[in-house]
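S.K.: In the order they appear, the protein sequences are chains V and E.
Sequential numbering of the first sequence, starting at 1, is according to the UniProt record's numbering.
Sequential numbering of the second sequence, starting at 1, is according to the UniProt record's numbering.
Treat the hints loosely; a few may be bogus.
No distinction is drawn between identical chains; accordingly, a pair holds when it is met within one copy or between any pair of copies.
EDC-like, lysine to aspartate or glutamate: derived pairs with alpha carbons at most 20 Å apart [stated by the list, open to error]:
1. K20 x D132
2. K382 x E154
3. K225 x E154
4. K20 x D274
5. K160 x E309
6. K382 x E24
7. K263 x D43
8. K263 x E16
9. K225 x D190
10. K225 x E189
11. K193 x E351
12. K20 x D136
13. K263 x D103
14. K160 x E189
15. K263 x D274
16. K249 x D136
17. K193 x E24
18. K225 x D103
19. K225 x E155
20. K225 x D115
21. K382 x D274
Hints listed in this document are in silico derivations from the structure and should not be mistaken for laboratory results.
There are 2 protein chains.
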Amino acid sequence: MREVAILEIGQTPVSEHWDKSLLELAGEPVLQIFQKTGIQSVDSVFVGNMMAGSANHQLHLGSYIADWIGVQGAEGIHVEAACSSGAAAVRASLIAVASGDVDSAIAVGVEKMTDSPSPEITGELATAADADFERDMGVSFVSINALIMRRYMEEYGWAKEAFSGFSVNAHANGVHNPNARFRYSITAEDYRKASMVCDPINVMDAAGMGDGAAAVLIVPLDRVKGMARAVRILASSAATDTIALHMRKDPLWLSAAEKSARKAYEHAKISPSDVDLFEVHDAFTIIETLSLEACGFAERGQGPRLAAENAIVPTGRIPLATMGGLKARGHPVGATGVYQIVEAVQQLRGECGAVQVPDARIAMTQNIGGSGSNVYTHIFQKQ
Amino acid sequence: MREVAILEIGQTPVSEHWDKSLLELAGEPVLQIFQKTGIQSVDSVFVGNMMAGSANHQLHLGSYIADWIGVQGAEGIHVEAACSSGAAAVRASLIAVASGDVDSAIAVGVEKMTDSPSPEITGELATAADADFERDMGVSFVSINALIMRRYMEEYGWAKEAFSGFSVNAHANGVHNPNARFRYSITAEDYRKASMVCDPINVMDAAGMGDGAAAVLIVPLDRVKGMARAVRILASSAATDTIALHMRKDPLWLSAAEKSARKAYEHAKISPSDVDLFEVHDAFTIIETLSLEACGFAERGQGPRLAAENAIVPTGRIPLATMGGLKARGHPVGATGVYQIVEAVQQLRGECGAVQVPDARIAMTQNIGGSGSNVYTHIFQKQ
Numbered sequence: 001m002r003e004v005a006i007l008e009i010g011q012t013p014v015s016e017h018w019d020k021s022l023l024e025l026a027g028e029p030v031l032q033i034f035q036k037t038g039i040q041s042v043d044s045v046f047v048g049n050m051m052a053g054s055a056n057h058q059l060h061l062g063s064y065i066a067d068w069i070g071v072q073g074a075e076g077i078h079v080e081a082a083c084s085s086g087a088a089a090v091r092a093s094l095i096a097v098a099s100g101d102v103d104s105a106i107a108v109g110v111e112k113m114t115d116s117p118s119p120e121i122t123g124e125l126a127t128a129a130d131a132d133f134e135r136d137m138g139v140s141f142v143s144i145n146a147l148i149m150r151r152y153m154e155e156y157g158w159a160k161e162a163f164s165g166f167s168v169n170a171h172a173n174g175v176h177n178p179n180a181r182f183r184y185s186i187t188a189e190d191y192r193k194a195s196m197v198c199d200p201i202n203v204m205d206a207a208g209m210g211d212g213a214a215a216v217l218i219v220p221l222d223r224v225k226g227m228a229r230a231v232r233i234l235a236s237s238a239a240t241d242t243i244a245l246h247m248r249k250d251p252l253w254l255s256a257a258e259k260s261a262r263k264a265y266e267h268a269k270i271s272p273s274d275v276d277l278f279e280v281h282d283a284f285t286i287i288e289t290l291s292l293e294a295c296g297f298a299e300r301g302q303g304p305r306l307a308a309e310n311a312i313v314p315t316g317r318i319p320l321a322t323m324g325g326l327k328a329r330g331h332p333v334g335a336t337g338v339y340q341i342v343e344a345v346q347q348l349r350g351e352c353g354a355v356q357v358p359d360a361r362i363a364m365t366q367n368i369g370g371s372g373s374n375v376y377t378h379i380f381q382k383q
Numbered sequence: 001m002r003e004v005a006i007l008e009i010g011q012t013p014v015s016e017h018w019d020k021s022l023l024e025l026a027g028e029p030v031l032q033i034f035q036k037t038g039i040q041s042v043d044s045v046f047v048g049n050m051m052a053g054s055a056n057h058q059l060h061l062g063s064y065i066a067d068w069i070g071v072q073g074a075e076g077i078h079v080e081a082a083c084s085s086g087a088a089a090v091r092a093s094l095i096a097v098a099s100g101d102v103d104s105a106i107a108v109g110v111e112k113m114t115d116s117p118s119p120e121i122t123g124e125l126a127t128a129a130d131a132d133f134e135r136d137m138g139v140s141f142v143s144i145n146a147l148i149m150r151r152y153m154e155e156y157g158w159a160k161e162a163f164s165g166f167s168v169n170a171h172a173n174g175v176h177n178p179n180a181r182f183r184y185s186i187t188a189e190d191y192r193k194a195s196m197v198c199d200p201i202n203v204m205d206a207a208g209m210g211d212g213a214a215a216v217l218i219v220p221l222d223r224v225k226g227m228a229r230a231v232r233i234l235a236s237s238a239a240t241d242t243i244a245l246h247m248r249k250d251p252l253w254l255s256a257a258e259k260s261a262r263k264a265y266e267h268a269k270i271s272p273s274d275v276d277l278f279e280v281h282d283a284f285t286i287i288e289t290l291s292l293e294a295c296g297f298a299e300r301g302q303g304p305r306l307a308a309e310n311a312i313v314p315t316g317r318i319p320l321a322t323m324g325g326l327k328a329r330g331h332p333v334g335a336t337g338v339y340q341i342v343e344a345v346q347q348l349r350g351e352c353g354a355v356q357v358p359d360a361r362i363a364m365t366q367n368i369g370g371s372g373s374n375v376y377t378h379i380f381q382k383q
């Protein structure tokens, strides 16, 4: 397996893109990459997307997007892993290049959600849950996470306010990200007063959706060795858990996140303390908390302590959501995993201004599908 | 890139599986493989499926199926490329194993179509076409193929009856396949009298849909070297074309099929004359014809001649659809590409009785998404 690197990145602002089709949206970050690099063709295109089949009446996104970006003839494929579809597309791309079968691959994550009425989108998001035992019983993704959060608070004795630091940090960082959808800071008081969505989850615990697309260009490492803009991929790993929450022995432990992170650490030959920043999957503050614990950044039941100790700001011990995270950047589901990786690359390049993590050399991303059912962990290193 | 092989196969009959859920259907061929090999765990599971998100309200099939088959914790991902989703899953699996990142992978193709009312399925199938310029204008997949067939007949001067041999052969072969949905033979006269679906396509030109699942287990070749049941994968390739028919310079030439086949021949170091049998994508007789021409089995405009010359029967020069093809086996779209590969393996193992291709050593499969928009070619060799 040959070593691989990200040569270039692209992204659209997360927003309500009424003026762009799904295709135009997906093409934008890829065309940015082509412009920046002068490269006009790649061997493979992997598209991460969750719900275009129902929300946009469009499947077959591999061919669709390959044609639009002008690499007609290239391999083109759509991969789906619910909210981790983006990282799944990146992993598929890097495995293809690492295998030697192809020499360059674009991974593009795209989701256009705001065309559809909100109740419809809620139903479509719930196709990531168990159709027979969860979705068709009326469970939504917010309510699944609310069940987990309530149990967590009860089990470990945390008050709801303990989670506020995560949202405050994400919004403080997002202010500086021109691609973020919610560019305003909030206070702990704002968090406390925020409208409840599904008790105990309020609007400040939950990432807002949006339309967006992000892309990365992956090539063999030896082609870009020593090139400052190119970032080395140290590890990529994936793991699954049950799709239905009630099937888990321990609903407060993300075993797939743990497995995925452990494999990634082993492959990268690092430990959690080596990670300079972590683009965490903060779709909900509770999932963020569980991810931190599963990845070894906090003891079991102690995730919220990281926020209280101010360890998660860009100059802290373990900076999180440095560009706003899902919470403030917005969460166009199938694109999110690619945005996280794009942001990790920006940090390793030192391009992040006010939210730059000082001397960032190792960045980690974790993208989570469902309520921890499908988890991708990637680790990157500055060359 | 290390060499890879198919160690074992599994398949369900194609039928209306009212008594099985999507999950049970997908699990069946995998559990057959586990039973036959004694293997109980794999590193990765790749699921080929087109429309479960809308037809079955279930996405996130990687996690869903990994859990059900008892390999919870393994990587699990859903890949989609319209009607070529099955072969796309096989290719993703073999690239993962070839890369060295994983040591075993299951590719399972599944589609459960008959739960949904037929007009709904017609609309869902059309999400493989261009949403803005084809699907939303009312075009269905049969009508797209009817346009191509009409033009082909006009351009090259073929009467409709010239296509009958393909269907007659598929049904003659399908009689002997216990997993085929339409196990009866037909005559050229039956073809001539068949009800029109969308002129000039009649029911005997078009593959019927169905519910079904098929799976293969892929491992490194060196693990199964010399093992008679294991089949060597000589080549895997993918290519795309425009998704919308009107965007093609030449609607009578499947450029993606040509590219994909050419790459596969180069990789396998063979030419079309070395192929002992070809599991062709006979979703429509016209697509079959164009595939034969693109792959070099017939001159341009001369595809129907192969049927007239009786070259396509199991003892012929280029046996096609040896187990019934899409036409007689049935076409559960996301599973079809895996069925084709399963059938190629059966032929190379010499398990096909009355439809056994004598001394079969090299088998080729081609799985086509959309109207030739996404094409996968695989070549296999008996060890």
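S.K.: Against each hint, give a clear statement of whether it holds in the structure.
M.R.: Status of the hints after comparison with the structure:
1. K20 x D132: between (35 Å within a copy, 13 Å between copies)
2. K382 x E154: neither (41 Å within a copy, 60 Å between copies)
3. K225 x E154: neither (51 Å within a copy, 56 Å between copies)
4. K20 x D274: The answer is neither: 41 Å in one copy and 49 Å across copies each exceed 20 Å.
5. K160 x E309: Close inside one copy (16 Å), not across copies (77 Å); limit 20 Å.
6. K382 x E24: neither (31 Å within a copy, 46 Å between copies)
7. K263 x D43: between (28 Å within a copy, 12 Å between copies)
8. K263 x E16: neither (37 Å within a copy, 41 Å between copies)
9. K225 x D190: Close neither inside one copy (47 Å) nor across copies (65 Å); limit 20 Å.
10. K225 x E189: neither (48 Å within a copy, 66 Å between copies)
11. K193 x E351: neither (34 Å within a copy, 69 Å between copies)
12. K20 x D136: Intra 32 Å, inter 17 Å, cutoff 20 Å: inter-copy only.
13. K263 x D103: Answer is between; shortest inter-copy Cα gap is 14 Å, intra-copy 25 Å.
14. K160 x E189: Answer is within; shortest intra-copy Cα gap is 12 Å, inter-copy 75 Å.
15. K263 x D274: Answer is within; shortest intra-copy Cα gap is 15 Å, inter-copy 43 Å.
16. K249 x D136: neither (23 Å within a copy, 46 Å between copies)
17. K193 x E24: For K193 and E24, neither the intra-copy (38 Å) nor the inter-copy (46 Å) Cα distance is at most 20 Å.
18. K225 x D103: For K225 and D103, the Cα distance is within 20 Å only inside one copy (15 Å; across copies 28 Å).
19. K225 x E155: neither (49 Å within a copy, 53 Å between copies)
20. K225 x D115: Cα proximity of K225 and D115: none, with 42 Å in one copy and 53 Å across.
21. K382 x D274: Within one copy, since 13 Å is at most 20 Å while 49 Å is not.
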